[in-house]
Structure formats: structure tokens, C-alpha cells
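4 protein chains.
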Amino acid sequence: MANTFGHLYRVTTWGESHGGGVGAVVDGCPPQIPLAENDIQPDLDRRRPGQSKIVTPRKEADRCEILSGVFGGKTLGTPISVWVRNEDARPEAYREMETMYRPSHADYTYQAKFGIRNWQGGGRTSARETIGRVIGGSIAKKMFGQLAPKLRMTAFVRQVGTITARAPAVGVSYREVESNPVRWPDAKEAAEVVKLIERVRSEGDSVGGIVECVIKGCPIGLGEPVFDRLEADLAKAMMSLPASKGFEIGSGFFGVRLRGSEHNDEFYMEGKRVRTRTNRSGGVQGGISNGEDIVFRVAFKPVATISKAQKTVDVKGKSAELKARGRHDPCVLPRAVPMVEAMSWLVLADHYLRDRAQMGSR
Amino acid sequence: MANTFGHLYRVTTWGESHGGGVGAVVDGCPPQIPLAENDIQPDLDRRRPGQSKIVTPRKEADRCEILSGVFGGKTLGTPISVWVRNEDARPEAYREMETMYRPSHADYTYQAKFGIRNWQGGGRTSARETIGRVIGGSIAKKMFGQLAPKLRMTAFVRQVGTITARAPAVGVSYREVESNPVRWPDAKEAAEVVKLIERVRSEGDSVGGIVECVIKGCPIGLGEPVFDRLEADLAKAMMSLPASKGFEIGSGFFGVRLRGSEHNDEFYMEGKRVRTRTNRSGGVQGGISNGEDIVFRVAFKPVATISKAQKTVDVKGKSAELKARGRHDPCVLPRAVPMVEAMSWLVLADHYLRDRAQMGSR
Amino acid sequence: MANTFGHLYRVTTWGESHGGGVGAVVDGCPPQIPLAENDIQPDLDRRRPGQSKIVTPRKEADRCEILSGVFGGKTLGTPISVWVRNEDARPEAYREMETMYRPSHADYTYQAKFGIRNWQGGGRTSARETIGRVIGGSIAKKMFGQLAPKLRMTAFVRQVGTITARAPAVGVSYREVESNPVRWPDAKEAAEVVKLIERVRSEGDSVGGIVECVIKGCPIGLGEPVFDRLEADLAKAMMSLPASKGFEIGSGFFGVRLRGSEHNDEFYMEGKRVRTRTNRSGGVQGGISNGEDIVFRVAFKPVATISKAQKTVDVKGKSAELKARGRHDPCVLPRAVPMVEAMSWLVLADHYLRDRAQMGSR
Amino acid sequence: MANTFGHLYRVTTWGESHGGGVGAVVDGCPPQIPLAENDIQPDLDRRRPGQSKIVTPRKEADRCEILSGVFGGKTLGTPISVWVRNEDARPEAYREMETMYRPSHADYTYQAKFGIRNWQGGGRTSARETIGRVIGGSIAKKMFGQLAPKLRMTAFVRQVGTITARAPAVGVSYREVESNPVRWPDAKEAAEVVKLIERVRSEGDSVGGIVECVIKGCPIGLGEPVFDRLEADLAKAMMSLPASKGFEIGSGFFGVRLRGSEHNDEFYMEGKRVRTRTNRSGGVQGGISNGEDIVFRVAFKPVATISKAQKTVDVKGKSAELKARGRHDPCVLPRAVPMVEAMSWLVLADHYLRDRAQMGSR
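Protein sequences appear in the order of chains R, D, Z and L.
Numbering (our numbering) for the first sequence: 8 to 369.
Numbering (our numbering) for the second sequence: 8 to 369.
Numbering (our numbering) for the third sequence: 8 to 369.
Numbering (our numbering) for the fourth sequence: 8 to 369.
Please note that the accuracy of each hint is not assured.
Identical copies go unnamed one by one, so any copy, or any two together, can satisfy a pair.
Derived SDA-like pairs (lysine to any residue); straight-line CA-CA distance at most 25 Å [as the list claims (entries may be wrong)]:
#1 K149 <-> R369
#2 K148 <-> G367
#3 K81 <-> Q153
#4 K202 <-> D52
#5 K323 <-> D300
#6 K223 <-> D46
#7 K81 <-> I227
#8 K148 <-> G122
These are computed hints drawn from the structure, not numbers from a lab.
If we strip away everything but chain R, and leave its shape as in the complex, we get (with noise of 0.2 Å):
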């Protein structure tokens, strides 16, 4: 609940962007997992600001420490307590905000729910916090190396502003994802899409798009009827990311223009093995994985906090101009990727704990 993600594989984000640092407890774990700093460091990486240039300068190592929950290089089943320390924190850099409300941002309504909130680089709603995520998630991973060694996840950028990728979803690879700093599908058409992340950084604005994510190799039977559908809970984690607007699974908003006879996917038997021609359920049916590939999408919106002129008011109520400072992305597509990643790996990992509680080692 609010700050805890996961019924059985339970992740406690805590942190604002200027403190003392960011972390999660992850709890629920099982035991006898192998796992070291450096099996999440990767993902902190991929997520850290400053690995390339088209994203927000700050300078954060991002170093992980492990505190608890881990002995002998493995997993204790106790919570396993991870942080990471705030270093290139400048507070100044946000003075404006302390009394003018960034438009579309959390400012005013941190202000109106809480009476009180942590100016210095937007606090709790920073970005930052996302680093709690992607330490459960990457955790998540490595029991999966366990438990299902055949899951195999793979994000990507899909769309930056109007500029879409042709890649088909399912043949995108990791290696090629990671070889371009927009995690584009495609690393050579990646070029194009730099460019116009530059502009746009240029023009002090900013730019949205959409994260697409496959999942190969889910064990069948995950996802709960009837709140606790896996798509249900899919979509939680992803709108739960800051920014996020929308969420599609499979067919998703494009499937209502079909009738039934096109969009439904005809079972076969291959071998022993009930499949699917097509996959417009995007891997999910009554809420629970079939085996098949899970598909999905998650529009995020154009970062709200941009360089360019903006009229807004103040915290006494006052009309105000405000041209944000701080450092910034212009685009939170790249560093979006891993973290659609964490959160989908804490989605499969409490589903896998909470199938195996319901029908035992499978």
C-alpha cells in the first residue's frame, strides 16, 4: 500500500531526490537466491542520469549497498534492505520552486494534500525514486534465474513524439536495445530520434512516447480472478510510473475497431502444448498468462518540467512566470525503459509467489 508494491514479493520504496538517499526493503524474497551489489548495479545504470547525452545531467554514481537480507552471497529470506546515497544534490538549483508550482507536475497537489512538501528537486516525486524499483525488480530477475530460467523480458522505445519504430515487438533484441542511448528497436534508425531529442532539449521543451515491453517464456497460470488480473496489476505498476498516461495490453486500443472473429486468437495444439495463431490477447486471457508472449504498452507524456517561459501561479495564490532551472531530461523515454522493466518484474514475481501459494511448485 501507497510506498509498498507486491502482496508476496513485497517492495518498499523510500527516498526523495535531496536527502540523505534513496532505497527499498524487498521482503518476501525466498531464500538461497544468489545475489550481490553487482547484480543490481546494471540495472541502477541503465536508469542513472548522466549515461548519455540525451538525458539529465546530474552526476549520480548511483552506487547500490546491500544492508541486510543477504549472507554468504546469498538471500536469507529476510527483508533485504538496499539504498543508494544521494551525492550531486543541488537544492539551490530548485529555489524557484519552493514557492511556484511547476504546470502538470506533483508540486501543487503535494502542497494541497500535504500542507508540506520537499521543494529540492521535486522530493518524493523526483525520478529518483524510481531507484527503490529498479532494486526490486533487478532482485526480482535473479530469483527468476532461479525459478523460471526461461523468462526473459525485453523493453524498448517504441515511440518518441511523432516518430514511431517499425520493429515488430516480438523480434526486438536486448543487445540491439541497449546499443543506442534512445533504447530504440533499431539502432540505426536511433540517430534520427537523438536528433530530435536534442532539438527539443535545445528548445528548452520536452518530448513523450511510449515504452513497449515483451515478456517471453511466462510460466502459464499467473494472475488471480478477478480484481488481481495480471493485466490488472500490469497496468497499476506501469501508471504507478511517474509521467505515465496510458496503458495497452495485446490488441489494446486498437482492437475495438475488430469483431470478434478477427480479433479472437485460434488455440492449436504444438505438440503438447496448447498455442495460439495470433496474440492479440498479448499473452493474457481471463487475467491469466497462457504462455504465450505478454505484450504491452505505456504512454508517457511529455516531461513536465521544461526550461521555457511558463505562466503558473504561486504558492500565495499569485500569477507567476516560471523558467525552470535544475537539470532535467527532455525525454524520460530512455531511462524509462528499465524502469517498465523493474516494475514489471515485481508484477511477475508476486503473481509467481502467489500461484505457487494457491497451487504449489508447479
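With chain R fixed as given, assemble chains D, Z and L onto it according to the hints.
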């Protein structure tokens, strides 16, 4: 969890399509809220099969009965148990589902997960399950009648197949929506949609669509950082409805094309109240309601059960051809409207109580 | 939470003493467990009023009906809704409770908390509420019949007033306990206790006592660090029963007098199994079951509702004298036995599934 | 769940005796509560090893550090992460625990459940784990300083071995309790108890006892029907503390001997307030606080780790003799007092917020 929705305003639903009945237990509702069966019945009637010529002809009066939690016409603050008896059950009409998996339905995944399923009318996967949700939503609506009487909600059908309603969301009238069997925002245009649905039905097929929901007068401050953002819980709620494939709020998937400077909602003062000139945020910023209209859309795929012949496999792993009998909706959209509303009421009720817990009465 | 018990094996109870009925929804139960009404009825009969001359004479057949979650005689893995209709309701017998608070009963605190209460028969505070618990417990017992068939549980009355049974806990036979109306471990001694209870009743008074429970064959490893220790959840379960005032496990309150060297349970090997020579731990060490007998005791105060005249106040804040009418137990102990068992089954079932989630099938 | 306590005021603890440190994340705390490290430190100092000659000599300053959730000296309403670094760790002193199971300790059950354990200083089963609880409790105490400033709590040691304090619970002074190393209600009598503990220590043994807790000024209405009764959650909280074996509230185990007419607490009016003349209920009726003093007792067994030789088995299933080295408490009671208080604060805080959610600010 699973068949319970909400942390403080908690609805547990139970029941299969064919069996003793379906119902809900609502726990956590404040006491002293006036409540009687006829507060719930109108919403059940809007969800009911047989309500018009474009929905399934199954004849269910769906008369609800309150079994507990109400005394002298008011809630007690203890669990409210409400149920509806199943009447027009015809299990024999589903006999082929005993042995065959309907393409894109939950037959296969339930069998794969549980090793058993109630194949009569879809059992727990039937839309009949949503009766419990509507019960919970109607009681939440009554609660808000006392606690936030300015709160108003109108859901309607935005799209069926390729036909899209032009009416701007914020001006849609509940009365107009309820004046036509499609629940279309413009009653005059609805005739065309009725024709489409009838044609689809006559072809033994089905068609999808989009429901849009507008919530006015939502208290400021609902939603919690970081996982339980209001839009995240709305997304989960909607994606837990049968046949839903997508969710978007505010600018949604379209907004990704915009620049931040185009997308941001400029703040201004309306008297002492902070307002936004546009509402691309959809009434939620940083996961917390800002007092503007909450506007979101839900994509529903075409109903999986159709009477056209389809290729599939049976439970023994042999190829088969299925022509579904039974009584089915050619288009779930008209009946999805009260379901979307019900789930929205549940989300708001839960977050209202959660906000009150942490912040006190506002 | 509140009216739901358990995280994975979840029982939600509902219903008041006077109203439509009482029942439970059991969610999370594994599928394919054989289940029918007559698996539940015997435990309800043990809890039932009017079962002997020493309990309340209210006439309730307490026939249960399964409304959902079972198909072809087996559980579906979806919510199991079971209820019992209220029949012998005599609200007029409770008329004085409408205006007066029974000393040491929940009348005043419910009124103070909720501002409303169902004064007929105690409403939700009636022991009748425990029907839902017994339903949930009986289903859990059936589950263990499949999953851990060596698990056995026997609760019995250890003490009534100042009369204490001498039988050692571990040797008590279920058959002997059920052979006498007190549920005393030694049927011969029971006559004296019956006399005491009858004398107390004839005086318009009530008397308390202690229930002891022995669980044999509990799987090793149930219980979780650190808050959800097995004994912590047993304590909560027992202290949630009406009229309970104390809980102790193993050496309990007596053990505080001992030295560590006297109290510690020495380990030894019995073949390949680690055993303890004594069992002052009561079957739980560090919050986790160790395979020895789980032994605990629950203190029940004398029933608050008595027909002797008592001084009290009325709802308007005036002094009053109350002689309770209605039908009440002079001693809740005989009927508390199946309640204690039911709550124990719930705790074990929940922890069994939790352990299986984290550790896999053992 | 597991390492998280509470539904609305939620404390997640982490950490092992030997490792990076121990800490807690507190989620759900209202914003704008003044909070600094020195609000927490005094309670940690009361829990700290080495605080007096009768507790374990391990040298830990236990200086806490707030890492998040506080800004400008006030809580933000977001997660408060607080930790304490481990300093005086001497893993080599526990080398024999790597291979041997301490009788009546958690060594065996952790190994049996998880297949792995941190044997250094007991790992997660160390009393060091309670640091996180004390952190959470101290923050809750600060919260009540704002929200219910009349609330007062005093826990003290009622019994050590066979020595029992005579002071009536309701008159015990916090200052007197804290004036002696035993936390005995009568400082003069304490010398005798110190002698007992010192003798026990010199014998390489340990001794148990009872902590009693009195809560004055508790708001009326805390606690929820039916499973989350206030006494049920207090019982769970106390029974989750290391070494606790029993819990009783009000008349507890003694009260079972009484007749209802002797036990019932007669109501009377004190001005406009409903009071009871006696308090055998212990401040809770029907699971809900009635405004009288909440009084309960917790039994703690003698500490399992003793330096006297004991027979046991090793991890390979061979008989062994163990003389524990390491630094241990001969009597956990003095340090249990702040633990009991901390858990009580957590229960009250959670129920306060739950009551406010359902009932609004009172």
C-alpha cells in the same frame, strides 16, 4: 487481494454465472449512511441482461437483497452483505464449453491454472461476476452522497467498432446517456450504433469499443505516492473488468506526440482556488487529484464468445470447431458503462477514506 | 482487515445476530479440494446454540448452504460463499438493550464508535458472528486433509471457574472431549462441571474458563519472521474471539519463573528428525513451528450478559438497572472449543500457503 | 505482513545482528509532525545493550539517522527511513552457532524453514531487530503528541523469576520506572531484583519475567470488529516480540475464576462521560477502547542463550554440547519494556488512523 478490492473501502465479490447466486460483502463503509435495496437496484438494472434488444437476452431480474450491515435503514459500520440469486440458468446451453476452449476466453487459462473450472456460463469469468462490483459501487455512491455530495460521475460509450462519438467528454449529460440503449452521449447518433450492433449480432459476431468516464467535483488530494496513485488504481480497476485491453487518462496515448510546452496545464487562480486552463492531466497530477475533472477511457475488445464457427482445441488436446450457443452480448459496451462507474466509485471511496486516515477530515 | 482474516487463506465474515443471516466468503483456497455442506455442518453443530442443556436454548438449526466456489463436489479456487439463515430471532427479548448498556458488553463501545448499533441480540457482537469463522475453519480442515493429512487438532475445556482438568494436554482424545457436553478432557469429571454451570445458570449468573488446544503433526516451518510469528497470529486469532482475555503458548505465564537452563528444550535426534525432549516452547521456536505439538491456552471471561440485576447507565446518560432477558450462555466454554479450533485452522491454513509461496511445495 | 506491521501506520523493519545495520521504514505517518533524530534516540537508548550492568555488555551506541521523509524538521507524509549502523559486531564469538542449534532458540527452525541462516549473533532473530520497532514506536509517539496529546503510556517490569512487584499498575510512575536499571515500579525494591539477575548471570543462566503496560487517555473507539479488536492486535504485537510466551488484558487468566456478576464493570456517569467503576475489561470492551486505562501483561521466558553447558544437536544431526559465548542478556525484561511500549504505540497509531478513516476526525 484476488477477489477483494480496496484497502479501507473493501469489496469482496463471490459467485459464478450458474450456481446459488452472486454477491458482495462491503467492509469498511462508514456507519449511518442511509441504505436500502432500492439504492442499489437501479445500477443493477443498468448492468442487467435483457435490458434492451442489443444486449444478451438472458432473463435475470437481478433483484438484490441486503443480508447484513444495515439497521433501521442505515449502515452499521459493519460488513454489508448483498446478493442476487441466479434464476435463468441454462447450463445445458454451455455443454460444449465443458470440453472445448473458446478462443480468447478464459476457459483454457482457468483450466491450466486451477485444473478445474465451472464451465456453465463461464462460471466465475462470466460478466455476471460484475454484479458484486456494481453493488459495492452503488453503496460507495451513497456514501459520497453524505461525505462529498458535489461528486458526480458520468460514464458513456465513446466508440463502438469504428464509430466514434463527437461530444466533448465534459459536457456529456447522464440523462442523455441513459436515454438510449447504447449509452451513447448523443441520443440521435445512437441509432446508427444500434444498427451496427444488431448487424454484428445477426452475423453471429461481436464488436468492441471504448467507454469514457468523467468525474466532476472530486475532492482535491485523493491518491497516494508512489504506487497507489489515483490513476494507477483507476487503471487497475478498469483493467480488472472483463474484456478490457487498455486504459488512458487525460491526454493518454495521444499526448505523447506533444511537446511539454504544449502539454503542460497552465495554473491560474479562480478566486482562492488553484485551477488549470487546460486539463491534459485528466484531473490527476503526481498521482493526486487536483480538483479538475477526472477523465479517462477504457478499451474493451469484442466479446470472445461468438456463434460463428471457430477453430480451437478441446480439453484432450484435439482440434475442434466451436459454434457457441448460450446467450451472449454482441457488444459489451452498453453494459460496461455501469461497471466502469462502479469500479470508479470503489477507487474513489477507498482513496477518500485513505486520505481521511492520514490527513483527517478536510 | 477488520472483518477479513488471513493474507492468503482469507475469510471474510458478515452478519448480525438478528437479520438475514450470517456467513463467510473464503478466498484463496486451493482448487480441487472435495467440499460439501456436510463437511461444514458437524462443526457448526458443535458451535450451535441449544446443543445441550448447559448452553443457550436459542433454537437455530444453523444449516449451512454453499452458494459459490464449488463445482462437481470440488473447490474451484474461486471464492467459496457459505451462509446460514437466521431463524429463531426474537428481537423483542432485547428491547432493553436498545436503551441500556450491558456492563462489560460491547453495547457502549459500539455506540461510542459508530453512533449506531444493532441492539437486537447484540448484532455483530453476538457469538453468532463466529459461525463464519467455523465455516472458514472447516474448509481449511478439508484443505489440510489433502495437503497435510497428518495434521490433527484437539481443543478442549481445561478449566471452568476454579475447576481444572488434570489430564495432560498431549493425551487428550477428541472422542472423549466430544462425549460430554462441557467438552472436558475426562468425561467422568465432566459431571461436576455440568453441575457448576447449571448452578451458575440457576443463579442468573455466568462463569469463565480456559480452553486448551493441541495441534499434532504440524508441518515444520510455518510462521514468518518477524511480526507474523506463528504464535503471534495464533494469539491474535484467539484474542479476536468474543470474551477472550488471555493467551499463552507452551510454558506461558508459568515459564517466567524458570531459569533458562530449566526452560530450554534440549534437542536430540530421532532418526533423521530433530526433536526436543521437553516442549516448553509449545511447538514454536523463533516464531516458526518446529514439528513438536503446538499447545496453547485461551482465557475466557464469564459471559457479560446475565439475568441478575446490574447497575448501569442508559443511552441518555442516566443511571439504570438492567436484568437481561434473551437467551444466553451461562458459560461460553463448551461452545468456545470449536471456535478456538476454527481460528487455529485459519491461522495454519494461511501460514501453510505463505510458507508454500516463499519456499515452494515441501 | 511478515516484516511489516500495521495497515495504515505501517512499519517495515530490516536488518540482522551482524551486517550493515538495522532500520525501519515508516509509511502512512501524517505530515507536519515535528520529528528529529533526538525524538527517537532516547527510546533507542532505553533499548540499547550496555545501558546498565544487568544487560548484555555489547557496545552499541545505536545512533539513529533519518534518511528520508522529514523536511525542515517536519514529516512529509512520505516514507520515513531511519537506520542504525551495526558497530560492535564480533561474528567470531558466534562461530559455534554456525554448526550447533541453541536449545529453544530460532537456530533450528530458521535452518529448517529457509535452508540458510545468518548465524552471526542470531541474524534476524537477534533482539537487535527490535531497533526498527522502537524507531517506529517513537515516531508514533510523536504523532500522538500532536493528535491525542493526553495519551500516556508506562510499561514496567511486574515480575522477574518469582519476585513480583506489589505496586498497583495504574499508579506506576514513568520516572520511578526509569530511575532503576530493572525498570521496576518501585525503585527501592529493585535492588533485590538486580541481585537476582546478577546471580543468574554469574551462574551462566537466565531468568524470565512479566512486563505490564498501562495506557492512559486512549481515545474512545479504537479497535475494529471482528478480527482486528484492539486487544487482538495488542496480543499479536506482543507475541511477536522475541521470547514472549503469553499475553493477558484486564482480568486476564485470573478473571476466568469469577462469576459474571463479580467480573462485570458497572457503568456510571462522570459528568457527561460514561465510566466504569472497576476495570476488569482492561480498557477494551467488544474489541473497542472505552476510555478507561488499557492494562495488559506480557510473559517473557528466560533467554534461551546461556553460557551453561547444554545438550543439543548440530546441523549434521549429531549430538553435541554447547556453551554459548557471545554477549547475552541474563534477563530480557529491562530491555523488553521499551519494546512493549514501541509495539503498543504501533498498534494505537494504526487503529487511530483506521478509526479516523471510517469515522472522520473526532
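For each hint, the structure was consulted:
1. Taking the shortest Cα distances, K149 and R369 sit within 25 Å of each other both inside one copy (19 Å) and across copies (22 Å).
2. Taking the closest pair of Cα atoms, K148 and G367 come within 25 Å of each other both inside a single copy (21 Å) and across two copies (18 Å).
3. In this assembly of identical chains, K81 and Q153 lie within 25 Å of each other by CA distance solely inside one copy; the values are 12 Å within and 33 Å between copies.
4. Proximity of K202 to D52 under the C-alpha cut-off of 25 Å is restricted to the intra-copy arrangement: shortest distance 23 Å within a copy versus 56 Å between copies.
5. For the identical chains of this complex, K323 and D300 are inter-copy neighbours only, at 24 Å across copies versus 52 Å inside a copy, given an alpha-carbon limit of 25 Å.
6. With identical chains, the CA atoms of K223 and D46 are at most 25 Å apart within one copy only, with a shortest distance of 21 Å there and 43 Å across copies.
7. When the C-alpha separation of K81 and I227 is checked against a cutoff of 25 Å, the pair qualifies only between copies, where the shortest distance is 22 Å, while the shortest distance within a copy is 28 Å.
8. Proximity of K148 to G122 under the C-alpha cut-off of 25 Å is restricted to the inter-copy arrangement: shortest distance 21 Å between copies versus 38 Å within a copy.
The structure agrees with every numbered hint stated previously.
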